[in-house]
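With my numbering, the residue at position 163 of the sequence shown is 874, and numbering never jumps.
Bear in mind the hints are in silico, worked out from the structure with no lab data behind them. Fair warning: there could be bad hints in the mix.
Simulated restraints, written as ranges between beta carbons of each label pair [stated by the list, open to error]: (1) Ala847 x Gly877: 21 to 29 Å; (2) Glu1110 x Ala980: 34 to 42 Å; (3) Ala1211 x Trp862: 19 to 27 Å.
For every residue, glycine included, the Cβ atom is placed at its ideal position computed from N, Cα and C.
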Amino acid sequence: MPTIFPCNGPRPSAGFRTAFLALVLVAGFAIGACERESASQAVATPPSPVPAAPLPESPGRESATAPVGSPAPLSESSRQAATASPVNADPAPGQSGFDQFVRENARRAAAAAERVRGLDRPFLEPRIVSPDEAAAEIAAALKDQDAEEVWRRDRALQLLGVLPSGQGLDEIYLGLVPDQVIGFYLAKEDELYVVEPAEIGRSASDQALITLAHEYIHALQQTNFDIESLSAAVPILDFDRQLALSALIEGDASVFGFTAVAEQVDLQALRAEEPAPPPDMGRSGEFVLQLLAYPYVAGAEYVLGVLLASGLTGLDGLYDPSALPQATAQITPLGLRSQWQRSSAAEFATPELPCWNSLGSGSLGQFVLGVLLGGQIEKGQRGPSDWVDDHLLLIGNGETEVLMYRAEFAGPAAAEDFFVRLQGLIAGGQLDHAGRMGTLEATGPASFSWKLEKRTAWAEFNGTGVNLIVGDHARAVESAASALAGFVDVELAEEDYCPAQ
712 MPTIFPCNGP RPSAGFRTAF LALVLVAGFA IGACERESAS QAVATPPSPV PAAPLPESPG
772 RESATAPVGS PAPLSESSRQ AATASPVNAD PAPGQSGFDQ FVRENARRAA AAAERVRGLD
832 RPFLEPRIVS PDEAAAEIAA ALKDQDAEEV WRRDRALQLL GVLPSGQGLD EIYLGLVPDQ
892 VIGFYLAKED ELYVVEPAEI GRSASDQALI TLAHEYIHAL QQTNFDIESL SAAVPILDFD
952 RQLALSALIE GDASVFGFTA VAEQVDLQAL RAEEPAPPPD MGRSGEFVLQ LLAYPYVAGA
1012 EYVLGVLLAS GLTGLDGLYD PSALPQATAQ ITPLGLRSQW QRSSAAEFAT PELPCWNSLG
1072 SGSLGQFVLG VLLGGQIEKG QRGPSDWVDD HLLLIGNGET EVLMYRAEFA GPAAAEDFFV
1132 RLQGLIAGGQ LDHAGRMGTL EATGPASFSW KLEKRTAWAE FNGTGVNLIV GDHARAVESA
1192 ASALAGFVDV ELAEEDYCPA Q
């Protein structure tokens, strides 16, 4: 489940209903691949018999021991508890049908997750919370983030027209929590949460089982690989690396979470279920939902490809800091091997402007660029196919900011195609969150400028690259554009660049 907007602070990993049901579509293949992987490893290195942990006692069920290498079966009493009539409006704590089902099956789901993933840790008891309580827990975790870093991330997205001025990604995410989150794991606190459903039934119990196993995989990842530290090491403006790492983490948990409880859930019924639509939050909400869904779906395909190529040993090896995926271009579909490498052609230096300094740099990446261009993950459009690399830089003078961006492509034709698409998007209001079109003017055979009130932008197609500068300081945008295009702006009077005293 996605590591929510990685930054210097707690990383809640939350399961979303929409992404959950999308994953069900690949679950059958995932289970088959994992079973083949388990079988091949068993032949290569026969494991020593390890007794499974005894299952907890519950009324109407005798203690049992689950066979090694297979998920433990569910008790009939616990299944009946989950599929009983809706929960009492005012149940005693821990006594509702759903609570009973989760508590009775948490240990067996954890044991199954450990067996299929080949990792272990001390048992982690889940906490069962209401949607409102889940929102409060996640909000508290997000408050521990570095406020300055979060502001820089949000400011970059505001300049790209993804967010309106004054709104942040966390605000949008929290607006999705009550209706969309089904479970989450807080790595820093080492706490696992399952969210109570609105209605109790077979579907709710199946989702709870998968959620328990999925989130327990995250707990295993934290214990064995320290995913909290891995996430914290990624700069907040490096959206591409954040999503690539999330795809590894979420793909791993998605594939093995399904596999762990596959024999106990009705995948056919889950496939047929129509998810409740998320709240309409406009352009911002659509952008966030795309970013949240990506690590689940693309990540599951990526992890399956790794398993088919190199097994669990290869998957575990990817958590070494030197082996982590660095870009969404490396998150390839089943069985494909990515040859992507970082390109120096996309890099550029911070322009030397009076009073202006770097506020951070990073990369949008192939997938985010595809979302901004209108791509949809469910259609398989994960960004421009000839994208090579990109680089973004946020600069500021203490009063306002400018975003500089360069995308590098495999050849001039691909770069020109992107430039034409970018020009059409900007002309249609992409850089204004409200969709206002502004004024677009050609400034050369392969460049244009755009203006709307204080917001100014400039773009240029140059060889195999496309440059874009956007900000609320026209003089700084002009000078940054000159620097990016390779020209020296000699008119650097401080009064043109520094905040008024």
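Each hint, compared with the structure:
no.	hint	result
1	Ala847 x Gly877: 21 to 29 Å	holds, 23 Å
2	Glu1110 x Ala980: 34 to 42 Å	violated, 57 Å
3	Ala1211 x Trp862: 19 to 27 Å	holds, 22 Å
Checked against the numbered hints above, the structure breaks only hint 2 and satisfies the rest.
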